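Student: Sequence:
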Amino acid sequence: MTAPSDVGIEPAEQPPDAQTGSSRSVQPSLGEAVYAARREAYMKTIGSRAVAVIHSPPQSVRNGDVLFPFRQSSDLHYLTGFSEPETTLVLRPGAEKARIVMFVRPRDSKRETWDGRRAGVEGAKERYGADQAYPVAELDKRLPELLANIDELYYSLGLNPAFDQTVAAIIAKLRLSEKKGRRPPRAVVDPRLVLHEMRLRKAPDELTLMGRAVEISIEAHIAAMRQARPGMTEYELEALINFIFRKNGATGPGYSTIVGAGDNGTILHYTENSCTLGENELVLIDAGCEYQSYTADITRTFPASGRFSEAQRRVYEIVLETQKSAIEMTRPGITIDDIHKHCVENLTAGMIALGLLEGSVEERIEDKTYKRFYMHRTSHWLGMDVHDVGAYTNDGTPRPLESGMIITIEPGLYVAADAKNVPAEFRGIGIRIEDDILVTDAGHDNLTAGAPKEISDIETTCASSQFDVL
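Going by our numbering, the first residue of the sequence shown is number 0, and it counts up by one from there.
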């Protein structure tokens, strides 16, 4: 895609090339001014009588004494760019001083030798916008004062039970000191009312990062089409895709990479990726990289042998035409429910034409038997999270799309290998086609259009085998 305005984008530092000493290609990265503007916009919205507390998720044990790689809370990262665990951000719009307070891990040369460098208290102030910062060990002592005498506490209850207890204990402590003039917040407010609405509408600087995530992901999908062949394993393709993500500067997959050959493609969240590609099988790949905390989400389905069979072609064309027409109807004012309804109608008509169902489209939608072969929704928000934040309804009514929102459009048809009362030629065929669609003032922009999906383009790409990916 053509990169939008690069306001607020700074080049990320790249290590020098080992042979030439020159820097590698410059990658886009957000500057501190972007995070500062976000914090100011958020604080202005919640008002001077409120305080927001955003805490990083706990680190999780993988096995033994090995931890899963840490990934910062998207909300905390959105407001600071800070990626370390054990972090708490406190935003105080009405404070005269120390409006932005962070509790972080202190510098510790011994721990940094084992676990990596830390920004520390000074780094939080110098590089991440904190007016004041404290070691995380001082949170219990200092947070009560920061929450005293405010009207609303913006805090996400239920995400971190241990930290919920910390907040509850502070509120209880403040109740005991009301006679001394230090009362607890009057209300705890769901931060999604404000922060997640901000995240839902993507600014130009975010679109630049999303664009880079998309570019890398498209490269990975094309490489998989070129490399795949019968006898190869699903995990080899997974390794190739994830390699290309990291090779291009992404942190890795934005979600577990799905490589489903044959009947595995009928399992929506198949992640075992342990089987061998068969001669006459389709390969469904659902994969998107995460770049600077923004993720792409692309699904493509192609034949392992490089050529669609007649049965595969018939099913694929139904899904493709449904998806293309759904993309075309995307514009401000349309709802995700409108898009889903359109896809259900088109796919149900296709199921009847293929002999998977009988009767009329209206009857099969009414009795929901279409869900045998299309059981998921068509769209979700996309951004920092693959299933990104933001309300889908307003007071129970589907919300209209607006410029700046990004959604996926991903219809599919899934005929299990053991499906009863269906033509045998369609059993074991799973097809999903997914693109990332930016809603614009003029209509929409298909960010992932560069990933082949027309039958002729897919077969041409599969035929152009390429074995040197390094």
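It is worth saying that the hints were derived from the structure and are not from the lab. Keep in mind that the hints are not guaranteed to be accurate.
[What the hints assert, rightly or not] 30 Å max Cα-Cα, derived DSS-like pairs, lysine-lysine:
| # | residue 1 | residue 2 |
| --- | --- | --- |
| 1 | Lys-140 | Lys-178 |
| 2 | Lys-340 | Lys-367 |
| 3 | Lys-419 | Lys-370 |
| 4 | Lys-246 | Lys-340 |
| 5 | Lys-246 | Lys-172 |
| 6 | Lys-340 | Lys-419 |
| 7 | Lys-109 | Lys-178 |
| 8 | Lys-323 | Lys-340 |
| 9 | Lys-109 | Lys-140 |
| 10 | Lys-96 | Lys-172 |
| 11 | Lys-140 | Lys-43 |
| 12 | Lys-140 | Lys-172 |
| 13 | Lys-367 | Lys-323 |
| 14 | Lys-370 | Lys-323 |
| 15 | Lys-124 | Lys-96 |
| 16 | Lys-178 | Lys-124 |
Since we're looking at a predicted model, the values are computed, not measured.
Student: Hints first: check each against the structure and report whether it holds.
Tutor: Structure-based check of each hint:
1. Lys-140 to Lys-178: Cα-Cα ~20 Å, so holds.
2. Lys-340 to Lys-367: Holds, at roughly 12 Å.
3. Lys-419 to Lys-370: With Cα atoms ~14 Å apart, Lys-419 and Lys-370 stay inside 30 Å; holds.
4. Lys-246 to Lys-340: violated (40 Å)
5. Lys-246 to Lys-172: Not OK: Lys-246 and Lys-172 at ~51 Å, beyond 30 Å, violated.
6. Lys-340 to Lys-419: holds (26 Å)
7. Lys-109 to Lys-178: violated (45 Å)
8. Lys-323 to Lys-340: holds (14 Å)
9. Lys-109 to Lys-140: At roughly 26 Å apart (the allowed maximum being 30 Å), Lys-140 and Lys-109 satisfy the hint.
10. Lys-96 to Lys-172: The hint holds at about 24 Å.
11. Lys-140 to Lys-43: holds (27 Å)
12. Lys-140 to Lys-172: holds (11 Å)
13. Lys-367 to Lys-323: Within the cut-off at roughly 24 Å; holds.
14. Lys-370 to Lys-323: holds (21 Å)
15. Lys-124 to Lys-96: holds (14 Å)
16. Lys-178 to Lys-124: violated (35 Å)
This entry does not satisfy hints 4, 5, 7 and 16, going by the numbered hints stated previously.
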